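Visitor: Just so you know, the sequences run in chain order B and F.
Note that the first sequence ends on residue 315 in my numbering; no numbers are left out.
Note that the second sequence ends on residue 355 in my numbering; no numbers are left out.
If you are wondering where the hints come from, they were derived from the structure by calculation, not from laboratory data.
This one's a predicted model, so the numbers in the text were calculated from it and none came from an experiment.
Glycine included, each C-beta is placed from N, C-alpha and C at the ideal position.
Among the hints, a few may not be true.
[Claimed, not checked] So the derived list for chain F, only partly shown, Cβ under 10 angstroms to chain B, looks like this:
#1 T133
#2 G135
#3 Q161
#4 L212
#5 M213
#6 Q217
#7 R271
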Amino acid sequence: MSARLLRVTEVAPLTPLVTRFRFEDPDGAPLPLFSGGAHVVVEMPDEGVLRRNAYSLISAPDDGSGYEIAVRREDTGRGGSRYMHSQVTPGTLMTVTSPVNLFSLDLRARKHVLIAGGIGITPFLSQLRQLARMQAPFELHYAARSRAEAAGLAFLPSAPNIHLHISDEGNRMDLGAILTGQPLGTHVYTCGPEGLITSVEQAAARLNWPKAALHSEAFLSPPPGKPFDVTLARSGRTLTVGPNQSLLEALEAAEIDIPWSCRGGACGQCETAVTACHGRIDHNDHWLSDDDRAAQQKIMPCVSRFQGQHLAIDR
Amino acid sequence: MTIRFNDETFRDDYTFFNSPEAIARFPFPFDRDDYMYSVNMEPHKTGPEGTPFNVRFDVDEHYVSEMRDREITLTEDPLRCQSLPHMELAGWDLLELIMRSKAEDYPELFELHCDGDRWHWINRPLGIDQRFTFGDATTLPYGPMEYITRQAQGDFAVLDQREDNLWMDAGMVTSQADWSLDFDIGMNFFEWHAPVPKAHEMGIFQRALKFLMQINQDNPARRLNWTMTVNPRLDTSPENYHKWGPEKRTITSENVGQKQYLRVELQTFWRLPRSNALAFPIRCYLINLEDLVSVPKWGRRLHRVLRDLPDELADYKGFAVNRPVIVDYLSQHDDGAATSAGIYPTADDAPRTPA
């Protein structure tokens, strides 16, 4: 992945848990433009561990003057978001990759229906700007627990096609109602917790939506877990993956060359063959097929973990 | 760098020619003495100075005449250029990529001035001076993709990326090795490659698709492809097969050196920023055998490659009928000497043994 060193120019809280960060080129050079739904990967040198977390861009896709992201502090996470919240201030220089989009709009759609849950609003913030620029019909449904926690509110205009569903106010999202009566050629995009994505898929299936009209991006970061050992078949070395470290990060710390892109189990770049597995792989990715998972012959090191006697991989 | 543009034709009287400089920089497609399909991708960043590998969009001595030939083809058959409605944004992406690249790589030939969305484009070789509003197709004489690809050598396919696949949803195709945009428009990666023999079984397309979908903005990639064409004809399309197909039967051992061309495609792959589409320029280079064997390494190597090529590849590439004459001609230029690795000759390549 190619990356550039950018300067943090703004750090602004959006809610008690979510903070917006703005990055600009230190020399003011324009940054590459992107498409709505794209993300960047930010490197964090966190006490000897080099973390790389993917964040959706929330700024306008056709504005190369800077990149903005919104980071939710996950106190039970592995530490990346805590690092952003506690260590990063205006002036900090950070390595940021070029934008990559695994959640792009289907530009053939007659209409776009965007469904966000919680921090899952972030990829839609850039998509909204692209849709506005293209003058494409859309509606957005944004579910949050309370107004105070709804980090996206600051960016959303008050408009008849922007719907807030605040559960504290008793205004829960009714997926059946949203998906009923949409015009032919509508595409639906969901971003948020797994449960929301599954609910949209089920509601859409009941209403006979074509699968190709459904798009989703789970907000997946590598889950922490129990430490485990992994043997590298090519060198015979054995590494220990720490509780707050992903297998991919452990490989990188050991200077094993491995390709990666999304670091969230979606893109398939880091797919690795398993040469021995006595135990169970916790497949946390969205990339491998059910058959692949059951066979335990492949693993996605960015998000998946292992429990058992012995794991060896082809690295 | 000054380029003298040839005044030449790619049809009828076929006055196309390569200058000595064009021969020396020709993108010979074989880096070894045999050939089989592979996912032969590499970064499209740099290459030897002065060669087509060292610029983003190569402009050479054939530029002006190639653009004239494209105009003739489009006038006869407007369906050579198509863009499905959802591909307009990708068209603007492509326009920006080509304009910025050309203005930076050839500042004496092209200029681009941008003031917000108000752009001013100057193309000196073609005598174009155009002011327009970026993003507003009504301010250009054609749609953005057609506008810029009427000013850029080579064919262009613009691929939409969705459903874990790539889709041939726009293109400008007038210098193709026997494929039709009008037939392929709207097809996905596996559908438009369906006619290629052997490669499916080898898993080539699965791997190639995975690679292409991962290309990001900073890392354009490239590969070379090749075939053989009789006469220096750019438009070897299925639509016009009746015009060029019979010419295959005009090859004799006397004229093969002049009339038989090696046709090389420099294919590059670019992630487009605003649309997330993939641009796939296919730039065609032609060289006849007589000029090709003036580089001893290439004469030796092309002989060995064509002599040993599996029959189905010669069939697919459409030159099986002339293969014996071609191989016979080339054998006279292969003295059996070893060839150096890589495309271009090095000090290790022996001069040709005098006959």
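Visitor: Given G135 of chain F was flagged as interface, is its beta-carbon under 10 angstroms from a beta-carbon of chain B?
Guide: Cβ of G135 of chain F sits 8 angstroms from chain B, so the hint holds.
Visitor: Against chain B, with CB atoms and a cut of 10 angstroms, does the hint on L212 of chain F hold up?
Guide: Result: violated, 13 angstroms to nearest chain B Cβ.
Visitor: Hint check: is the beta carbon of Q217 of chain F less than 10 angstroms from a beta carbon of chain B?
Guide: Status holds, d = 5 angstroms.
Visitor: If you take the shortest Cβ to Cβ gap from R271 of chain F to chain B, is it below 10 angstroms?
Guide: Result: holds, 9 angstroms to nearest chain B Cβ.
Visitor: Does M213 of chain F pass the interface check with chain B, least Cβ-Cβ distance below 10 angstroms?
Guide: Status holds, d = 9 angstroms.
Visitor: Classify the hint on T133 of chain F as holds or violated, based on whether any CB of chain B lies nearer than 10 angstroms to its CB.
Guide: This interface hint is violated because 14 angstroms lies over the 10 angstroms limit.
Visitor: Does Q161 of chain F meet its interface restraint, that is, does its C-beta lie within less than 10 angstroms of any C-beta in chain B?
Guide: holds (7 angstroms)
Of the numbered hints listed earlier, those contradicted by the structure are 1 and 4.
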